[in-house]
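2 protein chains.
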Amino acid sequence: MEENKNSDQQTIIAVDAMGGDYAPDEIVKGVAAATLDSSVQVAIIGVESQIRNILQKTDHHAGQIRICHTDEWITNEDNPREVIRKKANASMILGAQMVGAGDAHGMVSAGNTGAYVLAASMYIPRIEGVRKVAIATVYPTRNVRHRRDIFALLLDVGANIHCSVENLVQFAIMGQVYASDIKGVTDPTVALLNIGKEPYKGGKMLSTVHKVLDELPNVNFVGNIEATDVLTGLADVVVTEGYVGNIVMKTVEGLAETASQLGKYAFKHSLLGKLGLIALSGKIRELKKLTDYSEYGGAPLLGFKEIVIKAHGRSKAKAISNAIKLAAKSHRDRICLRMEMELAHFSQSIENVDLFDTSE
Amino acid sequence: MEENKNSDQQTIIAVDAMGGDYAPDEIVKGVAAATLDSSVQVAIIGVESQIRNILQKTDHHAGQIRICHTDEWITNEDNPREVIRKKANASMILGAQMVGAGDAHGMVSAGNTGAYVLAASMYIPRIEGVRKVAIATVYPTRNVRHRRDIFALLLDVGANIHCSVENLVQFAIMGQVYASDIKGVTDPTVALLNIGKEPYKGGKMLSTVHKVLDELPNVNFVGNIEATDVLTGLADVVVTEGYVGNIVMKTVEGLAETASQLGKYAFKHSLLGKLGLIALSGKIRELKKLTDYSEYGGAPLLGFKEIVIKAHGRSKAKAISNAIKLAAKSHRDRICLRMEMELAHFSQSIENVDLFDTSE
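These protein sequences, in sequence, are chains A and C.
When we follow this note's numbering, the leftmost residue of the first sequence carries the number 1, and every step to the right adds one.
When we follow this note's numbering, the leftmost residue of the second sequence carries the number 1, and every step to the right adds one.
Note that these hints are calculated values from the structure, not bench results.
Remember, predicted model here, so these are calculated numbers, not experimental data.
Some clues are possibly wrong.
Which copy is meant is left open, because identical chains are indistinguishable; a pair holds if it fits in one copy or across any two.
What the hints assert, rightly or not - Computed list of lysine-lysine pairs in DSS-like fashion (alpha-carbon distance at most 27 Å, straight line):
hint : residue 1 : residue 2
1    : K57       : K201
2    : K57       : K204
3    : K197      : K316
4    : K132      : K201
5    : K57       : K211
6    : K204      : K86
7    : K57       : K197
8    : K204      : K132
9    : K87       : K201
10   : K201      : K86
11   : K86       : K197
12   : K305      : K204
13   : K57       : K183
14   : K305      : K197
15   : K183      : K316
16   : K305      : K132
17   : K197      : K87
18   : K201      : K318
19   : K86       : K57
20   : K57       : K132
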């Protein structure tokens with residue numbers, strides 16, 4: 001770890017202290033923890049007096065933290081489009097400006113997702129050729145193939161409602177680069193979420209995406225995947241439109257809640273339930289863990305020239321600390337630059353091919 | 001129940017003996033069980049010698065069963081569009097023809113879903129004005145509002161990939177009629193699956209559907225619902241495009257599998273797991289039940305002038321028997337006629353309104 005600690009000394013991550021259900025308390029505690037674990041530099045943006053109060057009560061390396069004061073912030077109730085103009089000095093916006101100006105090398109926020117995507121889009125340059133950014137959620141799987149780790153990536157989960165063939169192909173390429181880094185595998189598998197395994201399924205747009213991905217030499221495309229297999233780990237990267245990805249993610253969250261309720265119901269109504277609940281509660285926690293990406297460092301917004309991480313709204317200190325370290329690692333590994341190179345490679349390879357002529 | 005038994009004496013349900021993972025064994029046993037439970041008449045279509053063999057070993061009321069012989073049937077591996085022409089005497093096709101000709105009042109098959117939708121569309125008349133039929137899956141919920149039962153309806157789950165405003169509004173109306181019958185509530189709530197609760201969410205098509213449903217006096221529309229709440233029972237009827245509905249349904253199935261694997265993993269790796277598994281296995285069965293609509297009589301294909309029920313591919317005798325009795329009840333309650341009246345009412349109410357001018 002010493003090597004990483006040294007190489008992080010030059011890495012500055014901007015952190016929005018004011019976004020998330022447990023802000024600023026848990027955010028500041030997460031920053032403090034990250035400075036103890038690594039040599040990352042953090043620029044934390046929010047109400048200075050509050051931040052200082054929390055830091056006073058928490059172990060941290062003061063030399064790695066710079067506080068940038070503002071008394072404006074965006075809440076989850078704010079309408080993203082309106083608030084972006086109204087609260088020009090909101091912590092989230094200042095963070096995005098900092099990254100855009102090169103004063104930070106990445107950013108973490110647990111705040112309003114819509115506003116975050118807009119703020120990042122306004123101030124952080126996009127990778128050349130990328131038309132739409134994607135939110136990628138990292139989730140653990142059943143790991144059917146005994147891989148080194150059990151994480152997989154689902155994108156987009158909500159930055160865009162509908163996508164074009166080109167958008168989805170770019171998501172596949174960016175997702176592959178990101179997954180190869182966080183999973184530590186050289187050739188992660190990529191699949192397209194669809195309503196059947198056959199290449200012709202899902203209408204003209206999806207069947208064209210299938211065709212393009214199948215022909216790309218640098219993408220380890222394994223074909224269509226059905227929603228039943230998203231959680232099995234059959235693919236390291238699952239590509240879909242934001243509307244569908246968002247609904248998959250929320251269905252999983254909802255079902256975890258339902259399982260938890262079932263457990264409580266059984267507890268009330270049967271002795272077997274009573275005996276089983278102590279053990280079951282552990283299982284339900286595992287199931288909920290499965291669905292809570294705050295445990296896994298947060299969801300990257302892919303398509304920008306710097307790393308932008310959305311931590312879950314319910315993030316506590318540990319999740320924030322993980323997200324900060326993940327952002328620093330992504331910067332160190334030059335993930336965004338590698339995405340840029342792969343995307344340029346793809347653009348060249350299709351220069352003379354009319355694959356995007358799809359009018360559905 | 002005596003009243004129902006008598007009123008079913010005139011009701012003939014066509015049953016495809018050859019479709020489904022456990023055909024013809026479990027299908028024929030399901031038919032046998034239905035004749036013991038009710039006075040429904042069944043026209044069972046398939047290989048006569050096989051059907052007779054199974055019936056010989058199973059209690060049944062012979063007077064309620066008529067066997068229609070064919071030695072052709074459609075498998076799950078068959079391509080729906082091709083097989084519909086190639087196997088003109090397939091059991092599923094003969095069943096649809098029987099309903100179309102008025103020789104049966106409803107149909108049940110556990111076979112190839114795509115072929116079933118096509119066969120029904122070719123031979124069974126659609127309700128006037130219905131442009132697309134929908135597959136509606138019936139699922140149990142957490143029943144947060146303490147309703148008389150815990151079932152809810154999600155449609156479409158795969159008959160169509162994409163839908164128009166008019167399609168989705170028709171699905172809402174048909175779903176409401178169906179739900180009011182099977183749930184026994186007079187005014188079931190209807191919601192639109194979307195990525196946020198706000199009326200403007202999800203793009204122009206969905207926001208227009210929201211507007212139309214909100215203005216319809218006969219639909220108890222409760223607005224947008226997020227995927228996290230599909231299983232909570234916040235709405236009795238959830239409307240969505242087939243592509244999305246299919247993916248929600250399969251995500252739930254996949255997660256139930258994952259929960260089951262987690263249980264097995266815990267069993268292997270910890271004593272607590274070992275102690276808990278006996279109780280847990282019951283909970284996992286409950287969770288799987290939650291996702292297996294074969295327990296609830298199957299999924300109706302809505303939009304035809306007669307009731308058409310798709311039983312789950314993994315249906316066993318009990319599920320088939322339930323589906324047959326459900327079809328008979330639907331015929332008795334004139335569900336399809338009530339849908340036709342509600343849809344006609346809707347057509348009149350929008351005659352002079354240009355609600356469908358949406359070019360997204």
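Hints numbered earlier in the text: which of these fail when held up against the supplied structure? Violated hints: 1, 2, 5, 7, 12, 13, 14, 18, 19, 20; rest satisfied.
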